[in-house]
Amino acid sequence: MTASSLTSVLIWLPIGAAIVIWVLPLSRYATGSLAVLVSLVEVGIWIEQAARFDFDRGGLQFSQKGAWFEDLNVSYHVGEYGFSLWLAGLTVVAMAACVGYGFWVGRDRPRAYFGLMLFLTGATVGVFVAQDLLLFYAFFEAMLIPLYVLVGVWGGPGRLGATVKFVIYTMAGSLFMLAALIVYGLQVGTFDLVDGPASASRWLFLGFMFAFVIKAPLFPFHGWLPDAYREAPPEVTAVLSGVIAKAGVYGMLRIAIAKFPEPTSYYRTLMLTLGAATLVYGSVLAFRSPSFRGVVAYSSLAQSGLIAIGLFSGTNLGYDGAVLQMVAHGLMSAALFLIAGTVERRTTTDEFALLGGMAKGRPALATLLLTVGVISLAVPGSAAFAGEFLILAGAFQRAWWWAVIGAGAMVLAAMYMLRLISAVLHEARGSTVGDEAMDLRPGELALVVPLVGILLALSAWPAGIAGHSFGSEPPTQSVEAQFK
Amino acid sequence: MINTPSVDWFSISTILVLLGASFVALLGAVLVPERARRTFATAVSVLGFVGGIVTSVWLYVDSADGHRVVSDAFYRDRWMALSQVILCGIGLATSLLASEQVARSRDEHISEFFSLLLASAAGMAFFVGSANLMVMFLALEWFSIALYVMCAIDYDVEGSLEAGLKYLVIGSFGSAALLFGSALVYGATGHLGFAEIASAVGSQGLSGDALLVLGLAMIIAGLGFKSSSAPFHMWTPDVYEGAPTTVTAFMSAATKVAAFALAFRVLRTAFPQEEHLWSWAFAGIAVASLAIGNLAALVQRNVKRMLAYSSISHAGFLLIGLSAGSALGGRALMYYLIVYAAMAFGSFAVLAARERELGVPVTLENLAGFGWERPFLGVAMWFFLFGFAGLPLGGGFVAKFYVFSAAYRHGWTWLVIVGVMATLVSLYYYLAVVRSMYMRPSEELRVAPVAGGAPPREPLLHVAVGLALAVSVGSLFAVEPLIDLAKHATSSLPF
Chain W
4 MTASSLTSVL
14 IWLPIGAAIV
24 IWVLPLSRYA
34 TGSLAVLVSL
44 VEVGIWIEQA
54 ARFDFDRGGL
64 QFSQKGAWFE
74 DLNVSYHVGE
84 YGFSLWLAGL
94 TVVAMAACVG
104 YGFWVGRDRP
114 RAYFGLMLFL
124 TGATVGVFVA
134 QDLLLFYAFF
144 EAMLIPLYVL
154 VGVWGGPGRL
164 GATVKFVIYT
174 MAGSLFMLAA
184 LIVYGLQVGT
194 FDLVDGPASA
204 SRWLFLGFMF
214 AFVIKAPLFP
224 FHGWLPDAYR
234 EAPPEVTAVL
244 SGVIAKAGVY
254 GMLRIAIAKF
264 PEPTSYYRTL
274 MLTLGAATLV
284 YGSVLAFRSP
294 SFRGVVAYSS
304 LAQSGLIAIG
314 LFSGTNLGYD
324 GAVLQMVAHG
334 LMSAALFLIA
344 GTVERRTTTD
354 EFALLGGMAK
364 GRPALATLLL
374 TVGVISLAVP
384 GSAAFAGEFL
394 ILAGAFQRAW
404 WWAVIGAGAM
414 VLAAMYMLRL
424 ISAVLHEARG
434 STVGDEAMDL
444 RPGELALVVP
454 LVGILLALSA
464 WPAGIAGHSF
474 GSEPPTQSVE
484 AQFK
Chain Z
36 MINTPSVDWF
46 SISTILVLLG
56 ASFVALLGAV
66 LVPERARRTF
76 ATAVSVLGFV
86 GGIVTSVWLY
96 VDSADGHRVV
106 SDAFYRDRWM
116 ALSQVILCGI
126 GLATSLLASE
136 QVARSRDEHI
146 SEFFSLLLAS
156 AAGMAFFVGS
166 ANLMVMFLAL
176 EWFSIALYVM
186 CAIDYDVEGS
196 LEAGLKYLVI
206 GSFGSAALLF
216 GSALVYGATG
226 HLGFAEIASA
236 VGSQGLSGDA
246 LLVLGLAMII
256 AGLGFKSSSA
266 PFHMWTPDVY
276 EGAPTTVTAF
286 MSAATKVAAF
296 ALAFRVLRTA
306 FPQEEHLWSW
316 AFAGIAVASL
326 AIGNLAALVQ
336 RNVKRMLAYS
346 SISHAGFLLI
356 GLSAGSALGG
366 RALMYYLIVY
376 AAMAFGSFAV
386 LAARERELGV
396 PVTLENLAGF
406 GWERPFLGVA
416 MWFFLFGFAG
426 LPLGGGFVAK
436 FYVFSAAYRH
446 GWTWLVIVGV
456 MATLVSLYYY
466 LAVVRSMYMR
476 PSEELRVAPV
486 AGGAPPREPL
496 LHVAVGLALA
506 VSVGSLFAVE
516 PLIDLAKHAT
526 SSLPF
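Protein chains in written order, with this note's numbering: chain W, 4 to 487; chain Z, 36 to 530.
Since the hints were made in silico from the structure, they are not lab data. A few of these clues could be false.
Quick list of in silico lysine to any residue cross-link-like pairs, SDA-like style, CA-CA up to 20 angstroms [stated by the list, open to error]:
hint : chain 1 : residue 1 : chain 2 : residue 2
1    : Z       : Lys-522   : W       : Tyr-270
2    : W       : Lys-68    : Z       : Ala-513
3    : Z       : Lys-522   : W       : Asn-76
4    : W       : Lys-68    : Z       : Pro-516
5    : W       : Lys-168   : Z       : Pro-516
Computed footprint of chain Z on chain W, listed as stretches where at least three residues anywhere in the stretch have a Cβ under 8 angstroms from a Cβ of chain Z [as the list claims (entries may be wrong)]:
hint : region
6    : 61-72
7    : 135-149
8    : 152-158
9    : 163-176
A few chain W residues that face chain Z, going by a derived Cβ cut-off under 8 angstroms, partial list only [unchecked claim]:
hint : residue
10   : Ile-18
11   : Ile-22
12   : Leu-75
13   : Phe-179
14   : Leu-181
15   : Ala-182
16   : Val-186
By construction, the Cβ of each residue, glycine as well, lies at the ideal position given by its N, Cα and C atoms.
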């Protein structure tokens, strides 16, 4: 099999498997096993791609182009850049962990559930590798459909309201993106992202950005986030914050910044302000939040702001740091939400008031939560520290005050993460925490430990991603050349 | 001695096949014993529509150079042929659906039902090829009268009778407007043929003539009634709700195809000089349809009624393509019609199954749990609704993309924005249906099928829904071939 077709396989294998699962009347066990197997094969394919990837060369690799409809120059064009490779990797790894979690807890209606999870995997990979605007849009929207059902069917008691809010919000954004991409594509005569020239239209830039700031999300477009993250099943929340939110910031980098250089610099201050506001606001809310999931949810919001600061700083360090942080934060929040899920399974709640003292007799849980917590409060030496440091250094090159705001937020991050750790693990034993230990089972460890392992590896060698996302040229040149 | 024109029989073969099948089905009412009548009529109808598909595909292949036949009264071109293929496809699916879904109590008149179905499809096939105002009106009345009767076929159900009567009264009003408009246009130009009208307007400098413009406006209104575009839509919700669901499925899909295919032809062929007028008029009607259809659908609890309003809003999207008036608009229109017809038919067919199961009108409440009870129909409905909403689960997404592109090419970015907003609003009520199918278990609402036990086996319904699903999903992947078909069809119109 040629390397180029691997990209397509990465998209269509899980979607095909989803259809197989929907059609064949397999047993609960067989369905779950098949889904886990397919998501592991996905990881395998991705590793194969990463091994063959030429990190020194800029430009598109593993690309494949076919006609979709020539009438308006829309094509099926997929391929990977360094940064899209990393995001696709994040997707398959996090999805594998989440599918495994669904299997472990034994979700109801397994055929529907696992089919949707696999469909979501394919669509999300599609977003990160699509090199045609309409194809990108199709995958961007296609992610929404399984998410809607996953939250709406398997979610908590307030799920119906949460799904409506989530879908209406995100569709509002993406429909304006549809209008913008039609205008862009017909103006320049192609919908191809690689061939398409840069545009100076501020309206189009805003149309695209509207979709991305809602998906990411950035303050004040985050209204859907608290409900959706609270009501979704934990593994779906992990996907939402770890992977789906990255589609928003990825879109900023791949489309908004690369295709609209003039509007980007015109709106730079606005975007940096939004990013900084998100960072501070999210951090403060995380500090105030009374529940495990609330803290992680708002810290994800804050991180989206930080990544946006990195991207819109428009500096080499900022771009590198943003890509590193996308991956690192994706892994951290996926791991944290999965741990939140295991805590909820043991205590039926994630409210701090009812939790506490869980470290006693649960060394594995305590170790993992502490490790991920410490990494995500960006302790020096961690992957998150490397990412945040690069972003702040990049922001500093733009103007010193952005870095000051960012550094202030890092202090807040330490405060809310430590608060979370102590509220769950230490302090007096909560009323819902039972006497019997019930530490993490091997099944759960098998899901969370790999995520933590990758995080530790990234902590040891952050340049693995930060130095391998834009080819050998400096990122700013690569962005200026629209990744050609 | 009357001079008879030479007749190109092949050009009207689809219509003849359908009419022939209609007569055979009608004969079945007298000659075939009652217990075999349903099977016989279904078989005749299916064969008739398959025959219609064959002849119209053949016509499509064999009519690369469009021209007029039978004293210049009828077009033999690809626009007509493609529309006929779509119409016969809808007819075929409707026959499968009707075989199981038309009430058992109607057994003695089942042949008449199929006969009417075939006759109305023949009328529509005639309508889309008409080349002068007279033929247009004749064909319109032909298929409308068949539809009036089909709406009222459940004559002991009050709603059905009401639907038939309402459709008759308001439909006649629309026909009258069309007829009056035709008369005014004839008065202004002295011609009935579409092409002659255009050349008369050109040669006599009639563009902007008051009589002509008034006539055009009334023709637009008349076609607006048939395509259920706002503000000519008021009959739609009541008729769609009251008519037997099988008939609603046919009507919502086929009437739109016929009305829009003809409207685009008339405007392009007969009134190219007035394009600045009709494109604005249609843009206005499109905005009205989008606004009224979507906003009214938001508050409906009865799902059939909701889909009726949704069909008004889709008339709005189709009108966006129509108002662009360009070749791209024509392609967008054809592609949209193919996808829309499949989705509209399919969604009403699924409702028919639920209605039969419950014995009462389907509401958002009693749809609860349906998706889990009947997985195939549930998933199909899921695809249709998301397709309606323009999410990329099927061709509905590409169709919206095309009409918006056509509007943008025409220089109407504002219309794209309006369409985008309308799509956003529509999402709310489409999702409401998915929500009640999947996210609220039926135990919670204590709705049980009236008969109890397993739902009826409905193999033909499943085939019909499967066909609709295949078209609506397949059109996402086969955009290029479908657009090529539409492109060749559009190229037979003058631009």
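Item checked: Broken hints, by number -> Those not satisfied are hints 1, 5, 10 and 11.
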